[in-house]
Structure formats: structure tokens, C-alpha cells
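So the protein sequences, as listed, match chains A and B.
At position 62 of the first sequence (counting the first as 1) the number is 764 in the numbering used here, and the numbers step up by one without a gap.
At position 9 of the second sequence (counting the first as 1) the number is 61 in the numbering used here, and the numbers step up by one without a gap.
Since the hints were made in silico from the structure, they are not lab data.
Each statement offered as a hint is correct.
Calculated pairs, DSS-like style, for lysine-lysine (alpha carbon to alpha carbon, straight line, at most 30 Å):
# : chain 1 : residue 1 : chain 2 : residue 2
1 : A       : 798       : B       : 141
2 : A       : 798       : B       : 85
3 : B       : 85        : B       : 141
Derived list of chain B stretches under chain A, where covered just means 3 residues or more per stretch with a C-beta under 8 Å from a C-beta of chain A:
# : stretch
4 : 113-121
5 : 142-150
From the three backbone atoms N, C-alpha and C, an ideal C-beta is built for every residue, glycine too.
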Amino acid sequence: MSSGGDMDTISLLALLLTLSAGFSILNHHTLRIPVTISVLIFSLLTSLMVMILNPLLPACNLQAFLRSVLGAINLPAALLNGALSLLLFAGAMQVKVCSTMAWALSFSVSRSGCQPEEVTK
Amino acid sequence: MTASEIVLSFCREAIGGGLLGALTGWIALRVLKGQRDPHIDLLTSLALATGTFSIANQLGMSGAIAVVVAGPCFGTSYSHSIFDEASRKDLDVAWTLIDEVLNVLLFMLIGFEILEIKPHVFAVLATLAIIPLSIVCAP
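Kindly produce the complete structure, drawing on both the sequences and the hints.
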């Protein structure tokens, strides 16, 4: 079995996306809870199973393979330098500046430039 | 490290990052003015998010603050004159999808990270302490 260190980027991405798609389909058929939570639970269960199965199957050494995949992804760097920018932008883009300003101003000023229906959105 | 250095570093990180985000957001809105193609809108917003983050990191500013300031530029009343309803909806759908997919990938990686953790009494105790703390702190 090849180690994860020499997998190329597209293979890593394919592995991750396939696993997450499988977990979310599994969630849809069994638990029906929000996808992020179920994916976390299923990946925790999978890692626990790998930890238990690893001593029984020393030939294929799954744990070392997964560890080298994780080392290749390097979660802290990927999270802080890559995904965080997109996640923060996606969250910030949904903010309606006008209604936020109206909410902030409502403590001091009774009138604001926003329409009332925009405030209630 | 003196107090003035700390204040200067804070100003550079926070205020500099905020100004950079506002500047890049304004430039993106100016670029998008005068065209009605939702694909160009999406490409520009992707470029804005990643570009602002890496420029801020290169200049020693906080990329997170810069992106958080640049994002709401797309929610101002000025931007409503630039995007029509259809492209605004496309943009929202695309960014919701990106958000969702990245969240799922990150949570799955967090689940697999348990393989990297060496079992240790202190780590187990700290993990157990988190649960009551998060229940107490929840609003």
C-alpha cells in the first residue's frame, strides 16, 4: 500500500470528498442529523475502528496510511491559511450592512436610513 | 517588547487589516460595475476572498479581519445597485455551497485527527472538562 505522503493533491482531495459524500449519505439513511455533526461522528467512529483493527491486521497498517494522509494535509496550516479565508468571507457576505447599522443605531437614534422590512429580515 | 511596540503591532494587525479589506472590497465593487454576468461576479468574489487574505498575510496584517471587512462590502446598499436579483441569488447559492462543503471537510478532518493524538491523562481530563464548560458558557 502506498503511503499518503506521496499521494498527489487530486488524490487526497478525491479521498476526502469521497469519504465525506459517503458519510453524508450514510447520515441521510440512518441518523438524519445535521451533516457536519454526523460527519464528525462517523469520522470519529472510523478512526476508532481503525485504531481497534490495526493490531489485528498488521499486514496493511491502515493507521500509518491515515497518519501519512493527515500529515500531508497538515490540518492547522490548511485551516488557518486556506479554508479560513473562504469560510469567513462566506459568513461575512451574508451580513446585510444596512440592517446591522440600523440595529446598532437603534440604541441611540430612533430613525435610520433603512427600510423597516430590511431590518426584520 | 515595550508597550508602544504592542500598540503599534495591534494597530497594524487590526486597523491595517480593516483598511486593506475595505480597500479591496471597494476595488472589487468598482471592477464589477457596469456588467451583469453572474459568473464574473462569482470569480471576482473568490479572488477577493483569497487575494485579500494572502495580501494581508504578506503585509503582516490580520487576514481574518481583512476578509471579514471585505465580505460585507457585497452586502452594502451600494452593492445592490451593482448586482441584480438573479446574480445576487447565484452568488448567495454558490457561497452557501462553498461554506457547507468546507465545513463538512473540516469536521471530517477533525474527526480523523484523533489518530494523531497520543493518549495522555491530561488530554483526556482536558477533553472531559470541556463538556461542562461549554454547557455553562452556552447562551
